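There are 2 protein chains.
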Amino acid sequence: MTTTKPQPLRRERSQSTERALKLWVVLARAFAAVEARARTDAARRGLTLAELGVLEALQHKGPLLLGELQAKLLVSSGGITYLVDRLQGRGLVRRRRSPDDRRACYVELTRAGARLIAAEFPGHARCIEQTMSGLGPREQREAIQLLRTLGLAAAEMEPCTAPEP
Amino acid sequence: MTTTKPQPLRRERSQSTERALKLWVVLARAFAAVEARARTDAARRGLTLAELGVLEALQHKGPLLLGELQAKLLVSSGGITYLVDRLQGRGLVRRRRSPDDRRACYVELTRAGARLIAAEFPGHARCIEQTMSGLGPREQREAIQLLRTLGLAAAEMEPCTAPEP
DNA sequence: GGTACATATCTCAGTGCTGAGATAACACGC
DNA sequence: GCGTGTTATCTCAGCACTGAGATATGTACC
Chain A
6 MTTTKPQPLR RERSQSTERA LKLWVVLARA FAAVEARART DAARRGLTLA ELGVLEALQH
66 KGPLLLGELQ AKLLVSSGGI TYLVDRLQGR GLVRRRRSPD DRRACYVELT RAGARLIAAE
126 FPGHARCIEQ TMSGLGPREQ REAIQLLRTL GLAAAEMEPC TAPEP
Chain B
6 MTTTKPQPLR RERSQSTERA LKLWVVLARA FAAVEARART DAARRGLTLA ELGVLEALQH
66 KGPLLLGELQ AKLLVSSGGI TYLVDRLQGR GLVRRRRSPD DRRACYVELT RAGARLIAAE
126 FPGHARCIEQ TMSGLGPREQ REAIQLLRTL GLAAAEMEPC TAPEP
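In order, the protein sequence lines correspond to chains A and B. Numbering-wise (the working numbering), the first sequence opens with residue 6 and increments by one. Numbering-wise (the working numbering), the second sequence opens with residue 6 and increments by one.
Bear in mind the hints are in silico, worked out from the structure with no lab data behind them. Be aware that one or more of the hints could be misleading.
The list treats identical chains as interchangeable, and a pair is accepted whether it falls inside one copy or across any two copies.
Cut-off 30 Å, straight-line C-alpha distance, at most; resulting in silico cross-link-like pairs (DSS-like, lysine-lysine) [what the hints assert, rightly or not]:
id, residue 1, residue 2
1, K77, K27
2, K77, K66
3, K66, K27
All figures in this text were calculated on a predicted structure; none of them were measured in a lab.
Using the sequences plus the hints, can you model the full thing?
Next comes the structure, spelled out in structure tokens:
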């Protein structure tokens with residue numbers, strides 16, 4: 006049995022609020038630390054993280070609609086246009102109008118893009134692996150499960166209740 | 006020199022690499038989902054997340070050096086100057102030159118700033134609490150522990166080893 | 001005291017992105 | 001066909017920063 010002391014009455018924030026705020030802080034810090042290392046590694050390969058994400062998605066899935074890429078990378082509609090424009094400008098991807106829907110547009114790797122991502126992604130993946138090595142395999146699996154649950158729940162919530170009109 | 010090693014040549018990525026990449030993806034997605042809700046809530050209160058962070062830090066800790074704020078909020082030196090400039094422009098904080106070190110500069114809440122953060126933070130904290138409610142108390146404690154370990158380990162690592170010439 | 005380096009903040013050009021709106025194309029019922 | 005609404009992409013002004021360098025001040029060692 007755990008010795009539960011009588012709760013102090015003058016708590017400014019409830020225990021559960023403190024816990025949630027703490028989780029938010031460590032989530033943000035962990036993300037920032039991992040992201041910084043990943044970004045540095047991507048930059049050494051001449052890419053931003055988002056660009057690397059586009060190329061990896063196309064390598065892994067084949068041609069994708071702009072909208073599919075957008076959902077996968079969590080950027081805005083303007084953002085995905087901008088990203089693909091830049092990669093296209095460097096000759097790494099090309100657009101191809103969909104034959105079924107003339108609004109839609111597939112993006113696919115050029116030969117140069119395929120060569121680049123094949124050459125660079127394995128090294129980047131090793132960087133990520135090293136970055137995550139602070140947790141053991143079992144802990145990593147636990148973290149994946151917890152973060153997936155948290156992320157899905159948060160993504161499906163309504164925005165926080167607005168102050169009543 | 007191209008001798009085929011007795012390695013399973015067709016294994017594209019090791020299990021541990023896959024696990025690390027998966028963790029990176031769910032970390033990024035969880036962060037994005039939580040951050041989006043927090044940002045929306047902060048915006049409804051007329052603040053960015055970084056601004057809210059500055060005010061909360063000053064409320065919690067009292068006057069802080071610009072450099073201390075910078076470390077706490079994980080922004081660049083230019084970023085903290087920009088942030089404090091904007092809050093100062095709105096009359097929510099003020100600068101006060103340190104008496105001991107004429108390079109250094111304390112930032113403190115004005116009365117208006119103190120009033121604003123006291124009025125807005127509790128509601129924001131409730132938003133965070135709701136956002137995290139996809140995990141139960143026990144899961145939240147586990148997540149905090151795992152993310153703290155991961156974040157500290159990643160923050161202390163050297164950048165990923167550059168390709169040797 | 002002087003020289004060298006370290007530290008705290010500021011400046012500013014540049015960047016990657018957002019988000020609101022525009023445009024064009026599709027889909028459905030009439 | 002015609003309206004009404006939805007969807008996919010693009011445009012663009014604007015924003016919240018970054019990061020390299022500048023400036024000013026502090027510290028250490030001769």
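Taking the hints in turn, this is what the structure says about them:
no., hint, result
1, K77 <-> K27, "both (28 Å within a copy, 14 Å between copies)"
2, K77 <-> K66, "within (11 Å within a copy, 39 Å between copies)"
3, K66 <-> K27, "between (37 Å within a copy, 16 Å between copies)"
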